[in-house]
Structure formats: C-alpha cells, structure tokens
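K.L.:
So you can see what is in the structure, the chains are spelled out below.
Number of protein chains: 2
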Amino acid sequence: MRAAIITIGDELLIGQTIDTNSAWIGAELSKAGFDVYRITSVHDRREDIIYALNEAAGKTDVVLITGGLGPTSDDITKQTLCEFFNTHLVINAEVLRMIEEMMTQRSFPMNENNRRQAEVPESCRILKNAVGTAPGMWFEKEGTIYISMPGVPHEMKYLMTELVLPELNKRFTSQTIIHRNIMTYGTFEAKLAEILTTFESGLPENIKLAYLPASGVIKLRLTGTGSDYNSLSNLINEQVGKLYKTIPEFIYGEDEESLEMVIGKLLKSNKKTVSTAESCTGGEIAHLLTSIPGSSAYYKGSIIAYANSVKTQLLGIQEYTIEKQGAVSEGTVKEMAIGARKLFITDYAVATSGIAGPDGGTEIKPVGTVWIAVASENEVICEKRVFGNDRITNIKRFSLAAMNLLRKQIINHSPSLLDTHQKK
Amino acid sequence: MRAAIITIGDELLIGQTIDTNSAWIGAELSKAGFDVYRITSVHDRREDIIYALNEAAGKTDVVLITGGLGPTSDDITKQTLCEFFNTHLVINAEVLRMIEEMMTQRSFPMNENNRRQAEVPESCRILKNAVGTAPGMWFEKEGTIYISMPGVPHEMKYLMTELVLPELNKRFTSQTIIHRNIMTYGTFEAKLAEILTTFESGLPENIKLAYLPASGVIKLRLTGTGSDYNSLSNLINEQVGKLYKTIPEFIYGEDEESLEMVIGKLLKSNKKTVSTAESCTGGEIAHLLTSIPGSSAYYKGSIIAYANSVKTQLLGIQEYTIEKQGAVSEGTVKEMAIGARKLFITDYAVATSGIAGPDGGTEIKPVGTVWIAVASENEVICEKRVFGNDRITNIKRFSLAAMNLLRKQIINHSPSLLDTHQKK
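Quick note, the sequences are listed as chains P and Y, same order. Heads up: the first sequence runs through residues 0 to 423, numbered per numbering that gives the first Met the number 0. Heads up: the second sequence runs through residues 0 to 423, numbered per numbering that gives the first Met the number 0.
Just so you know, these hints were derived from the structure itself, not from any lab. Quantities reported herein were computed from a predicted structural model and do not represent experimental measurements. Careful, some of the hints might be misleading.
Listed next, the stretches of chain P that the computed footprint assigns to chain Y, with coverage defined by at least 3 CB atoms under 8 Å from CB atoms of chain Y [said to hold, decoys possible]:
| id | segment |
| --- | --- |
| 1 | 21-29 |
| 2 | 79-86 |
| 3 | 281-289 |
| 4 | 388-395 |
If we take Cβ atoms under 8 Å as the criterion, some of the chain Y residues that face chain P in the derived model are [claimed, not checked]:
| id | residue |
| --- | --- |
| 5 | Gly14 |
| 6 | Ala22 |
| 7 | Gly57 |
| 8 | Gly69 |
| 9 | Thr71 |
| 10 | Ile75 |
| 11 | Arg105 |
| 12 | Glu111 |
| 13 | Glu283 |
| 14 | Ser295 |
| 15 | Phe343 |
| 16 | Gly387 |
Below, a sample of chain P positions facing chain Y; criterion: calculated Cβ distance under 10 Å [what the hints assert, rightly or not]:
| id | residue |
| --- | --- |
| 17 | Gln15 |
| 18 | Trp137 |
| 19 | Phe138 |
| 20 | Gly142 |
| 21 | Pro357 |
| 22 | Thr361 |
Ideal Cβ placement from N, Cα and C applies to all residues, glycine included.
Start from the sequences and build out the full structure, keeping to the hints where you can.
P.N.:
Right under this line is the structure:
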C-alpha cells in the first residue's frame with residue numbers, strides 16, 4: 000500500500016514554518032503499514048497544487064493533504080480541489096451549524112469568513128472537525144483516496160486519529176511493519192558499518208538496517224516487514240539480541256533515549272547522586288542532566304569554572320597542577336572531579352576541561368581537545384579526546400563524551416543494572 | 000528565479016526525522032530572491048530519487064539536494080546522481096586527503112567506508128566540507144544547477160553559507176531584495192501586532208512586515224523590494240528608525256542576534272564581567288553565555304545550586320531565608336545573586352530560582368514560576384515571572400527572562416552603550 004503526503008502553504012516554502020505535519024503523518028501511516036513514498040510541499044498556488052495532485056494520482060492508494068483551508072483569501076485549497084475533482088462549492092448545513100456553535104461557545108460573532116468555512120466541495124464526504132472550524136474532506140477518484148485536512152497540527156491530528164486512520168485500517172488489510180531503534184555512542188558511522196558488515200549481510204531479507212547519525216549519537220534502525228506480527232516481532236528481537244552481542248560497548252539505549260535519560264535511570268535505580276565541574280562545556284552537561292524531569296533526585300549542582308581562579312579557589316585545585324600541566328590537562332580535570340564530588344557530597348562527579356575554540360588552541364593542545372574525568376568513591380577515571388573546530392559542536396561533543404564516561408562508570412560499579420536496562 | 004529542494008532519506012518518510020533542512024534552505028533561498036516552488040522528500044530509493052530529479056529538471060534554475068551521502072550501504076544518492084548525470088564515481092585525491100587529515104586529528108584509523116566517501120561523480124565540482132567527511136557536489140545540466148549536500152544540518156549549513164549561497168548570488172542577478180530583522184523580547188505576537196497597527200498601515204507598498212516568533216523571542220522582518228539598492232536601503236532604514244521609536248522597550252538587537260550575543264558585546268565594550276547562580280535553569284544561562292566565542296573575557300563561572308544545601312553552603316544564603324520564604328522566593332534569589340557576585344568577584348551576577356516542572360508546583364507557586372535577580376555594585380534588582388507547564392520550554396524562557404534583565408541593567412548603568420549599539 001502506497002501513500003503520498005502533500006502539504007500546502009507559502010510559509011513552508013519560505014522556511015517560516017517547519018513541516019512537522021508530514022513527519023507525524025508519515026510515522027502514523029508507516030505504523031499502519033503504508034509505504035509513504037513521497038512528501039511534497041507546495042505554495043498556496045493553484046497550478047502547484049494541481050500539479051502535485053496529478054503527480055500522485057494513480058500512483059498511490061492514499062493521498063494525505065494538509066493546509067490551505069483557512070478563512071483568509073490566501074487559502075485556496077478548497078477551490079483547487081473543486082477544479083481537480085470537477086465539482087463546486089456548496090454550503091454544508093451541518094458544518095455551518097457546528098461553526099455557529101463553536102463561535103457562540105467562544106463568544107465570537109460569526110462573520111463572512113466563518114460562513115465561508117462551511118462551504119465544501121459537493122462531491123466530498125465531510126470529516127467533522129470537533130476542534131476547529133475547517134472540516135476535513137474525503138474524496139475518491141479512480142481508485143485513489145484523497146483526504147484534505149487543516150494544517151493546524153492539533154486539528155490534523157484530531158482528524159487523523161479519530162476518523163482517518165481507523166477508516167484506512169478498515170479499508171486496507173495491511174502488511175505489518177515493525178521498527179526498532181538501538182541508540183549508540185562512541186564511534187563513527189563508517190566505523191560502525193565496518194564492524195556490522197557480517198551482521199548486516201546476515202539479516203533476513205525482510206529486515207533492513209539504517210544508520211541515523213545525529214549530533215554525536217548514531218541511531219541504528221531495524222525495520223521489518225511481514226504478514227504476522229508475532230513472528231516478525233520475534234525475528235526482530237533475535238536480530239536486536241545479535242546487535243547487543245556485536246557492539247555492547249557502543250549501545251547505550253533504545254528508541255529515542257538520550258544519554259541524559261539513561262544516566263537518570265541508572266542513577267535513580269542505583270540510588271546514586273552526581274555533580275559536575277565544567278570548564279569548556281560551560282554548563283551544557285548540567286543543562287542536559289537537569290532537562291530530565293525529576294533530575295533533582297540525583298543531580299546536586301555544579302561549579303562552572305571558566306576562570307582559573309575559580310578552579311583553584313572553589314574546586315581546590317592546586318595551583319602548581321595548573322602551572323605545571325595547564326588548565327587543560329589530566330591533572331587539572333582529575334582534581335576538578337574530586338573537588339566537585341567533595342563540595343557537593345555526591346557519589347559521582349564529572350569534570351571537563353578543554354578548548355572549544357575558535358581561539359585558544361596550540362600545537363600540542365589544538366582547538367577541539369578535551370580532558371574529561373569521572374570521580375567516584377575510590378577512583379578517578381580520565382580520558383583525553385580530540386574533536387573538530389566548531390565551538391558549538393565541540394561543546395556538544397565534549398558533553399556527550401563526558402556523560403558517556405559517567406554512564407560506563409555507573410554500569411561498571413553495578414553491572415546488574417546493565418542487564419535490567421537491556422532486558423526492559 | 001525558481002528553485003526546488005529535494006531531501007532524501009527513509010527517516011523523513013517514516014517520520015523519525017523532521018525535515019528541518021528544507022525550512023532552513025527555503026528561508027535562505029527566499030532571502031536571496033528565489034521562489035522555492037516545491038519541496039520533495041523521497042526515500043533512499045533509486046527510482047524515487049531519479050523521478051524527483053527528472054521532475055525538477057528544466058522547470059527550475061537551481062535544485063538543492065540533501066541527504067543520502069553517508070558512508071553506509073543504505074545511502075545511494077551518489078550512485079543515483081551518477082546515473083542521472085551519466086557519469087561514474089572516481090576517487091578525488093583532495094577529498095581523500097581531507098578525510099585522512101580529519102581522521103588523524105581525531106585519532107581514528109581510516110577504513111574502507113571512509114575511503115568510499117572520497118569517491119565522487121567525475122562530472123561534478125567538489126564543494127569542500129570543512130566540518131564533515133562527505134563533500135558537497137555541484138552539477139550543471141541543460142541550464143539547471145544541481146547541488147547535492149550531506150543531510151547533517153550543520154554540514155549542510157556550512158556548505159550553503161560558505162560556498163553555495165555566495166556563488167548563487169553571483170550567478171543570478173535579481174531584483175534587489177533587502178531584509179532587515181529587528182529582534183524583540185518581552186511581549187506576545189498578538190500584543191506586538193496590536194501596538195504596531197499604525198506603523199504597519201503606514202508602511203510603503205514595497206515594504207512588508209512579518210512576525211517570526213521563535214522560543215520567546217519575536218523577530219520582526221522588514222522585506223523591501225525595488226530596483227535601486229541605495230534608495231531601497233534608505234527607505235528601509237527610515238522604517239527601522241520608526242520601529243525603534245515605537246517599541247524601544249522590546250528591541251534588543253538586529254539580524255540573527257541572540258540575547259547572549261548582545262550581552263557579550265555590552266559587557267566587552269563596557270569592560271565588565273558576569274557570573275551566574277542557577278537553580279531551576281540548571282546551567283542553561285551559563286551554557287548560552289559561554290556558547291559565544293571569546294566569552295571567557297567576561298564570563299567567570301557559575302554555581303548551579305540544585306540542592307538547597309548548595310545554596311546555603313556555597314552561595315552563603317541564610318538558612319532562615321529559605322525556611323521563611325522558600326527556595327523559590329525574592330529573598331533567596333537576591334541572596335543567590337549577591338553570593339555569586341562575591342564568590343566569583345564579578346561586576347554582575349545573575350540568579351534564578353523557580354519551578355520548571357512537571358512536578359513541584361503548589362497553589363501559590365505553580366509550575367512555571369520563576370524569580371530572577373541581577374546583582375551589581377550597589378543594588379540587586381529582582382523580578383517574578385510566571386510561564387507555562389512544559390519543563391524544557393520553561394528552562395528556556397526562564398533563562399531568556401534572566402538574560403534580558405541583565406541586559407537592561409547593563410544598559411541602565413551606561414546608557415551611552417545603547418546608542419552605540421543601535422547606531423551600528
């Protein structure tokens with residue numbers, strides 16, 4: 000079963016609005032077993048809309064259309080649909096009544112624009128919109144279903160969830176599609192692909208692997224297609240199991256989990272606390288850790304030590320460590336972690352010291368160099384990493400590297416957590 | 000001048016990734032005077048990519064393509080472009096050298112997949128990618144320019160900004176279009192539109208005003224079209240002057256300036272320093288301030304005081320202040336700011352204490368409540384704000400409110416800075 004999505008609106012083409020509707024519809028249709036083969040965004044222009052409709056006609060079972068149904072004169076989707084389906088606009092009494100009710104409820108007077116929203120193409124079936132004034136419209140022509148919905152995300156989602164998806168599910172007995180996402184950190188896409196060559200070539204024909212890198216993290220997506228849900232699910236689980244065995248050092252979670260989510264779970268289930276001492280990352284690690292609801296249960300605080308004087312006075316770093324090794328060094332970052340752990344009285348402390356750039360690099364310590372350390376009760380572990388030249392990217396990468404070191408150390412201290420986590 | 004955008008990747012069609020690249024490219028091309036008439040997203044599938052290319056061929060001056068350039072086997076854009084342009088892949092020595100350098104810098108060994116990234120279609124011109132391993136590619140065929148770029152947003156943005164947009168601007172002489180962006184903070188879109196009714200109706204016909212709200216900040220964009228650059232520029236400057244007179248309390252900068260950039264400039268030109276004491280914002284203010292290159296000149300450090308014990312022990316807040324008024328209170332946040340200013344020996348200190356949510360709210364102090372304070376030599380100013388229910392949005396809004404209070408206080412202390420800033 001094939002589907003196409005057409006989103007209509009000038010704001011999409013000039014980049015004022017990011018098209019989130021397509022992603023949402025794409026995800027829902029794909030869960031329902033449709034292959035969304037194309038998303039097209041066009042202006043509120045008659046010829047562009049007609050072209051996009053003609054293009055989809057005959058090539059697909061369902062066309063989902065959003066946008067251009069507002070009451071103002073720049074919205075022309077309804078008139079254009081009339082032309083495409085060779086029909087004309089008529090006032091729909093029931094829609095008119097719904098709009099009148101809605102306006103009364105909100106104590107707004109009806110105006111000409113509202114009344115115009117009750118005009119619908121005569122040949123369509125109305126999809127009642129309980130959360131807005133523009134109804135959805137269902138057309139069929141030469142074996143293809145066309146569904147037009149408002150572009151306002153919550154109205155579109157209402158119509159999709161309540162009316163469109165249930166009906167599509169009834170009409171099309173579909174193939175089952177299952178997606179599983181495995182989150183990895185710690186290597187490059189190219190390297191990961193090399194390690195997974197054998198795994199990939201051993202995959203059953205109906206399971207596909209995709210690499211989705213996003214700011215330092217690589218998501219591995221397994222997509223399976225089949226007729227029976229249970230056997231497909233078992234088959235995918237088997238492959239996921241193989242993945243865990245092949246690259247245990249890189250997998251940190253599943254689905255859309257971030258490192259900070261996983262760290263939060265690990266600390267909570269282990270009843271441990273953490274603090275941070277950040278130099279080059281300037282609060283990014285603290286920000287990521289505290290972005291998780293409930294993080295105050297395990298996160299105590301941070302010293303952001305941008306100035307060296309802060310490092311010595313607040314974190315208790317010995318002046319000769321900074322003098323001898325420099326602020327970006329193994330010695331300094333270790334003392335930072337130890338200092339933060341003492342100061343905040345936490346089980347763990349994470350520290351970073353590096354050169355985010357664009358200035359401040361030297362031959363021996365180029366821009367992109369970072370030292371990270373994790374202090375715990377009886378030890379301090381430490382790593383040096385070198386990334387690129389872009390300040391914002393570096394701050395993000397330094398932070399991920401530090402959080403991953405923390406994650407590994409928590410797991411080292413109670414390996415049973417790993418099993419629980421992976422068997423969820 | 001017409002342009003089309005094609006984004007390639009299974010993740011876009013199944014809704015795992017929202018296509019933000021198209022919006023960004025659309026905005027940039029539209030600023031450059033192009034009519035982006037269509038955005039198409041297709042799978043990593045040969046026939047779908049070819050179809051989208053054929054569709055754009057001849058109908059447009061420029062086709063911008065992103066995605067499908069990764070080193071793994073699911074990425075097939077390069078091979079497909081070879082087919083479309085009737086050419087074949089060859090190793091590009093310079094690209095290979097750049098990749099090798101990048102890998103050496105990061106202490107990763109080269110592998111077969113990395114080497115494959117140095118393979119490019121013979122007939123294209125290479126756009127060197129200084130921030131990633133996949134180069135951009137520039138093709139021309141029958142009067143249309145095709146530009147293929149990686150889908151990783153920061154790599155695409157680098158190539159667009161550094162190489163593609165400058166060259167497109169040179170090649171296409173267009174009607175003069177001038178955009179001016181005025182950055183505002185402190186009010187709602189609907190309210191701003193109400194205040195600006197008279198201003199808007201008095202605009203010359205060839206100048207348009209758009210409201211572009213984005214996470215707490217509203218960008219006002221004036222777009223002028225005309226034939227003569229100088230007279231158009233004068234006309235727009237006149238309108239910008241009117242805007243400054245109408246809403247001086249809301250304008251904080253121009254173009255894409257963020258509050259943290261403006262604060263950096265103000266502190267630098269005034270030779271002042273700042274520190275922070277964050278509770279509910281958990282490092283976000285520090286992160287924003289230190290995201291600016293060279294911020295170590297004026298930013299000294301922060302205490303992130305998530306636990307109350309940190310507030311009393313490190314920031315010297317009196318225990319009875321917290322007991323009597325609570326951690327989220329005028330008294331506490333003022334003492335936090337004073338404490339941070341002393342501890343870090345800075346001219347200014349900013350403090351926040353609030354309830355980001357989703358839990359922790361009460362009837363009197365609901366989720367979304369924040370107290371912010373700015374301490375300087377002779378005074379501490381303080382504000383209470385109430386925002387919404389979403390944790391991530393609250394953290395961002397709290398941080399902006401605090402930074403704006405800091406900005407206003409710096410300007411209060413040396414109003415001459417404001418003039419310099421606005422006359423730039």
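K.L.:
Are the hints correct? Go through all of them and say.
P.N.:
Quick rundown of the hints versus the structure:
no.	hint	in the structure
1	21-29	holds (count 8)
2	79-86	violated (count 0)
3	281-289	holds (count 8)
4	388-395	holds (count 6)
5	Gly14	3 Å, holds
6	Ala22	4 Å, holds
7	Gly57	14 Å, violated
8	Gly69	6 Å, holds
9	Thr71	4 Å, holds
10	Ile75	12 Å, violated
11	Arg105	6 Å, holds
12	Glu111	7 Å, holds
13	Glu283	5 Å, holds
14	Ser295	6 Å, holds
15	Phe343	6 Å, holds
16	Gly387	15 Å, violated
17	Gln15	6 Å, holds
18	Trp137	22 Å, violated
19	Phe138	22 Å, violated
20	Gly142	20 Å, violated
21	Pro357	5 Å, holds
22	Thr361	14 Å, violated
In this structure, the hints that do not hold are numbers 2, 7, 10, 16, 18, 19, 20 and 22, in rising order.
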